[in-house]
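*Asks:* Next come the chains, spelled out residue by residue.
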Amino acid sequence: MSNRRFYLVTRDLHLYIGLFLSPFVLLFAISVFYLVHGLSKRPAPGPSDSARTVANLSVNADIAKLQGRARVDALRPVLEQLDVRGEIDYVRHAALEHRLIVPVRLPDRDAVVTIDYEQRTATVTSREHGMGDALVYLHKMPGPHNADLRGNSGLVRFWRLGADATVYLLLFITVSGIYLWVVLRAERRVGLLLLFAGAGTFWGLVYAVAA
Amino acid sequence: MPSRPDDGIAPERPERGPAAAFLFWNRRIHYFLGLYFLFFTWLFVFTGLLLNHPRWQFAQFWPNRVQTTTEHQFQGLTGGSEIERARDLMRQLAIAGEIQWPAQQSGPLAFQVSRPGLVLEVKADVERGRATVQRTELNTWGVLHLLHTFTGVRADDARNTRDWMLTTVWALSMDAVAVGLIAMVFSSYIMWYRLKAKRVGGIVALILGFVSCAALVAGLRWLA
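Protein chains in written order, with this note's numbering: chain A, 1 to 211; chain B, 1 to 224.
There's no promise every hint is true.
[As the list claims (entries may be wrong)] With beta-carbon atoms standing in for the labels, derived distance ranges:
{"no.": "1", "chain 1": "A", "residue 1": "R120", "chain 2": "B", "residue 2": "N139", "range": "44 to 50 Å"}
{"no.": "2", "chain 1": "A", "residue 1": "A51", "chain 2": "B", "residue 2": "T68", "range": "48 to 54 Å"}
{"no.": "3", "chain 1": "B", "residue 1": "R91", "chain 2": "A", "residue 2": "D62", "range": "53 to 59 Å"}
{"no.": "4", "chain 1": "A", "residue 1": "P77", "chain 2": "B", "residue 2": "N139", "range": "52 to 58 Å"}
{"no.": "5", "chain 1": "B", "residue 1": "R128", "chain 2": "A", "residue 2": "Y90", "range": "37 to 43 Å"}
{"no.": "6", "chain 1": "A", "residue 1": "R69", "chain 2": "B", "residue 2": "T68", "range": "34 to 40 Å"}
{"no.": "7", "chain 1": "B", "residue 1": "F46", "chain 2": "A", "residue 2": "G68", "range": "28 to 34 Å"}
{"no.": "8", "chain 1": "B", "residue 1": "T70", "chain 2": "A", "residue 2": "Y207", "range": "22 to 28 Å"}
{"no.": "9", "chain 1": "B", "residue 1": "E127", "chain 2": "A", "residue 2": "Q81", "range": "55 to 61 Å"}
[Said to hold, decoys possible] Some chain B residues flagged as far from chain A (calculated, every beta-carbon gap over 10 Å):
{"no.": "10", "residue": "A19"}
{"no.": "11", "residue": "N26"}
{"no.": "12", "residue": "T41"}
{"no.": "13", "residue": "P54"}
{"no.": "14", "residue": "F58"}
{"no.": "15", "residue": "G79"}
{"no.": "16", "residue": "I95"}
{"no.": "17", "residue": "P102"}
{"no.": "18", "residue": "K123"}
{"no.": "19", "residue": "C213"}
Simulated from the structure, these hints should not be mistaken for lab results. Virtual Cβ for every residue (Gly too), placed ideally from N, Cα, C.
Construct the complete structure from the given sequences, taking the supplied hints into account.
*Replies:* Laid out in structure tokens, this is it:
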């Protein structure tokens, strides 16, 4: 491929991939403000909806003995009976009360499901979250915590793919952007100045904060 | 839609009028922001990937941490509030960083001082003037992880607010990167729209992007 052809293909890919990626970049960038300034608690979460109790559930008899991902997988049919959807954050076992307390999250809604596995009943409390909190949730998912459990719903499994794709495509956008800038001879001097200024700011800040 | 060979490789030259000047600077700002924030973008993009893949062995840092505990004497602390006394103690112990208070404070003055790559657990017996400092040092991967999340605030924790100047500076740099990325997105829309030959392909790419993003955000209920 000639240099000119390579340039044109790279420029087209930079343009089209950049346009495709732009909503994801906006989502991650806007959620930064909520995360950095702890804004997501306002105005959400809203007040809880009234709790509902469901009886005669079909519950795996060994659910209290299971641990980790196996227990989460065993809880999924119970949640389906309760019509509760989302990612199970974690499971807390109150052994003396024969209860499992299961927070389940969608970006804009969460539910706390309390299952009495002896009585085969469950109480569900749910509440809405605002847009800011939903963006923050997506920004943080799947994240480094509870790695064994994370991705127990289609939601986070698909979002993990979306987040990873955003990273890889953004890396391509930056590298192709550098190449396109290098080709523009007229912008080289001021571009180099800004590149060095940015590098200086970055390394200076990292040194000051972390050294 | 492929480029034609004569699709302006050279930068646009300013023509007369505010519209032409706006377009000229819009293009330059796109380059300039991208170049200035390049290292910040790489850091947050790469560490975002690491945070989403905690099982990657090469980037493990917590099992490789180095912990040491030391004991120190200190003079009587000045200040009426906990934060003032903590700052006085930090000054005497020559440590700096973001103070994190535990969820429940009982007994001795106890707090955590953190910065990317370093966590100090400080417990002070104010009456006897003795302090124990547990120092946890993380490797380079740990530093990178914490640079991504080092904001000094948590949405559900009103007690812990940013109290170290460098945390504020770092948080502002995160804001600046986010603003820069948003500006680059909108400047790219303007540049693309000016390329008539690319409008159809661009609209397809943009719609695909918005539909994918909306499907992942709004349609997650169905996927869940």
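*Asks:* A separate judgement is required for each hint: does it hold in the structure or not?
*Replies:* Tested hints:
Checked against the given bound of 44 to 50 Å, the beta carbons of R120/A and N139/B, roughly 49 Å apart, stay inside it. Judged by the Cβ atoms, the range 48 to 54 Å given for A51/A and T68/B holds: they are separated by roughly 49 Å. Checked against the given bound of 53 to 59 Å, the beta carbons of R91/B and D62/A, roughly 57 Å apart, stay inside it. Hint check: P77/A to N139/B, Cβ distance near 42 Å, so the stated range 52 to 58 Å is violated.
Evaluation of the 37 to 43 Å hint for R128/B and Y90/A yields a pass: the beta carbon distance comes to about 40 Å. For R69/A and T68/B, the hinted distance range of 34 to 40 Å is satisfied, since their beta carbons lie about 36 Å from each other. For the pair F46/B and G68/A, the beta carbons lie near 29 Å from each other, so the given range of 28 to 34 Å is met. The hint said 22 to 28 Å for the Cβ distance between T70/B and Y207/A, and at roughly 25 Å that hint holds.
Distance hint check: the CB atoms of E127/B and Q81/A are about 58 Å apart, consistent with the given range 55 to 61 Å. In this structure A19/B is separated from chain A by more than 10 Å, as the shortest Cβ-Cβ distance comes to about 21 Å. Listed as a non-interface residue, N26/B keeps its Cβ farther than 10 Å from every Cβ of chain A; the least gap is roughly 14 Å. Not every Cβ of chain A is farther than 10 Å from the Cβ of T41/B; the closest lies at roughly 6 Å, contradicting the non-interface assignment.
For P54/B, the shortest C-beta to C-beta distance to chain A comes to about 4 Å, within the 10 Å cut-off, and the non-interface label is violated. The beta carbon of F58/B is kept farther than 10 Å from every beta carbon of chain A, the shortest such distance being approximately 15 Å. A cut-off of 10 Å between C-beta atoms confirms that G79/B is not in contact with chain A; the least separation is 25 Å. Residue placement check: I95/B keeps its beta carbon more than 10 Å from all beta carbons of chain A (closest about 13 Å).
Consistency note on P102/B: stated as away from chain A, and its beta-carbon is indeed over 10 Å from all of that chain's, at 18 Å minimum. Distance check on K123/B: its Cβ is at least 24 Å (rounded) from any Cβ of chain A, clearing the 10 Å threshold; non-interface status holds. Under the 10 Å C-beta cut-off, the non-interface status given to C213/B relative to chain A is violated; the minimum distance is some 4 Å.
Hint violations for this structure: numbers 4, 12, 13, 19, all remaining hints satisfied.
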